[in-house]
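Peer 1: As a plain string of letters, each chain reads:
Number of protein chains: 2
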Amino acid sequence: MRTFSKKDIDGMDKIYRLNMINSITGYKSANLIGTQSASGIANIAVFSSVIHLGSQPPLLGFILRPTTVPRHTYQNLKANGIFSVNHIHADQIADAHHTSAKYPDNVSEFDHTQLVAQYHSQWPAPFVKDAPIQLACRYQNEYPIEENGTILIVGSIETIYLKEDLLMDDGWVRLDRGNIVAINGLDGYAKPELIERFSYARPKKV
Amino acid sequence: MRTFSKKDIDGMDKIYRLNMINSITGYKSANLIGTQSASGIANIAVFSSVIHLGSQPPLLGFILRPTTVPRHTYQNLKANGIFSVNHIHADQIADAHHTSAKYPDNVSEFDHTQLVAQYHSQWPAPFVKDAPIQLACRYQNEYPIEENGTILIVGSIETIYLKEDLLMDDGWVRLDRGNIVAINGLDGYAKPELIERFSYARPKKV
Numbered sequence: 355m356r357t358f359s360k361k362d363i364d365g366m367d368k369i370y371r372l373n374m375i376n377s378i379t380g381y382k383s384a385n386l387i388g389t390q391s392a393s394g395i396a397n398i399a400v401f402s403s404v405i406h407l408g409s410q411p412p413l414l415g416f417i418l419r420p421t422t423v424p425r426h427t428y429q430n431l432k433a434n435g436i437f438s439v440n441h442i443h444a445d446q447i448a449d450a451h452h453t454s455a456k457y458p459d460n461v462s463e464f465d466h467t468q469l470v471a472q473y474h475s476q477w478p479a480p481f482v483k484d485a486p487i488q489l490a491c492r493y494q495n496e497y498p499i500e501e502n503g504t505i506l507i508v509g510s511i512e513t514i515y516l517k518e519d520l521l522m523d524d525g526w527v528r529l530d531r532g533n534i535v536a537i538n539g540l541d542g543y544a545k546p547e548l549i550e551r552f553s554y555a556r557p558k559k560v
Numbered sequence: 355m356r357t358f359s360k361k362d363i364d365g366m367d368k369i370y371r372l373n374m375i376n377s378i379t380g381y382k383s384a385n386l387i388g389t390q391s392a393s394g395i396a397n398i399a400v401f402s403s404v405i406h407l408g409s410q411p412p413l414l415g416f417i418l419r420p421t422t423v424p425r426h427t428y429q430n431l432k433a434n435g436i437f438s439v440n441h442i443h444a445d446q447i448a449d450a451h452h453t454s455a456k457y458p459d460n461v462s463e464f465d466h467t468q469l470v471a472q473y474h475s476q477w478p479a480p481f482v483k484d485a486p487i488q489l490a491c492r493y494q495n496e497y498p499i500e501e502n503g504t505i506l507i508v509g510s511i512e513t514i515y516l517k518e519d520l521l522m523d524d525g526w527v528r529l530d531r532g533n534i535v536a537i538n539g540l541d542g543y544a545k546p547e548l549i550e551r552f553s554y555a556r557p558k559k560v
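Residue numbers (this note's numbering), protein chains in the order written: chain Z, 355 to 560; chain C, 355 to 560.
A few of these clues could be false.
One copy or two, it doesn't matter: identical chains are merged, so the pair holds either way.
[To be verified] Derived lysine to any residue pairs resembling SDA-like cross-links, with alpha carbons at most 20 Å apart:
{"no.": "1", "residue 1": "K483", "residue 2": "S454"}
{"no.": "2", "residue 1": "K456", "residue 2": "F552"}
{"no.": "3", "residue 1": "K368", "residue 2": "D523"}
{"no.": "4", "residue 1": "K360", "residue 2": "E518"}
Since the hints were made in silico from the structure, they are not lab data.
Full structure from sequences and hints, please.
Peer 2: Here it is, written out as structure tokens:
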């Protein structure tokens with residue numbers, strides 16, 4: 355095993371440390387978050403920090419980096435409290451990754467990628483067409499993380515759209531049926547395949 | 355696309371809803387968190403909520419469910435402020451999943467699985483032997499999520515142990531080289547393989 359002490363980590367080149375620390379918590383979810391600005395511009399941005407928070411009520415969270423530079427997703431979220439979460443299909447990874455480029459706020463990432471905006475009823479945020487799972491979400495709260503100035507956003511899941519063949523009889527959604535990817539670090543995209551699904555674990559008799 | 359409204363979700367059978375809502379945020383990291391009780395019992399438990407929070411300082415987070423029932427990991431964390439994060443190898447998934455069984459607090463999950471406790475210097479928490487990545491972490495803070503009573507634990511990464519062949523020249527850690535898994539929902543274990551790694555995204559010239 356290679357060992358890196360706290361001192362080793364502190365002494366790393368910035369990019370080297372970014373690459374390592376972003377990788378070593380394990381695979382991350384791969385989602386495009388859609389928002390709409392007050393002036394109607396559709397914004398879409400890749401996030402690897404969407405997490406499950408609870409089932410009843412259905413809640414998710416994601417982490418935003420410090421707001422010392424403009425963050426369109428955060429501005430738009432605060433403007434109307436609405437966003438969408440769209441899973442990334444393996445065929446969409448190059449375009450998904452490109453949404454992390456810094457465009458001015460009057461430019462829609464949809465105009466610079468092959469990603470297509472889709473709208474469901476009157477929901478004021480764009481979804482990503484052909485995403486295997488789309489979630490209509492509403493901002494609920496935010497928790498500033500004082501240790502580094504990031505923000506945990508908490509959102510409620512209001513409507514779920516998913517491709518029929520991902521849905522199993524007991525409500526479980528089999529992600530590999532949708533060719534949904536996971537993220538390794540900042541910039542690696544991986545395609546998981548199911549190995550096994552287990553039943554509820556109970557203590558062994560002794 | 356199948357559509358589930360908020361009303362549909364609220365009306366679901368509890369297990370059906372648990373399965374669905376736990377799946378639809380995407381793939382989750384797969385880790386075993388190791389702690390040690392005040393009386394010296396080694397505890398190990400599977401978590402799918404470990405997330406990256408920041409690189410400098412190196413911080414991670416994970417979500418604990420409400421403390422209305424005993425949660426050994428939380429009790430131990432509060433007792434000595436120390437824990438370990440250990441990535442799950444594809445060969446360890448059955449044992450990893452079994453750590454979610456509810457054993458009494460005087461029982462070590464290491465005694466009921468093939469997982470082997472490993473100790474590094476004087477660090478007062480067990481690591482999982484043969485885990486491709488092991489992190490020595492220190493409790494920093496906690497954020498109660500008022501929307502559902504879960505808790506975000508923030509920990510600092512103090513020492514990193516990783517298998518040599520996962521480490522790339524620029525610090526990126528290639529997880530599929532370690533046969534590290536991802537979790538789909540509550541109980542599905544999937545093995546990702548890298549498709550592609552991209553460079554830093556810059557706006558396209560117009």
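Peer 1: Give a verdict on every hint.
Peer 2: Here is what the structure says about each hint:
no., hint, verdict
1, K483 to S454, "within (18 Å within a copy, 37 Å between copies)"
2, K456 to F552, "between (42 Å within a copy, 16 Å between copies)"
3, K368 to D523, "between (47 Å within a copy, 14 Å between copies)"
4, K360 to E518, "between (47 Å within a copy, 18 Å between copies)"
Of the numbered hints stated above, none is contradicted by the structure.
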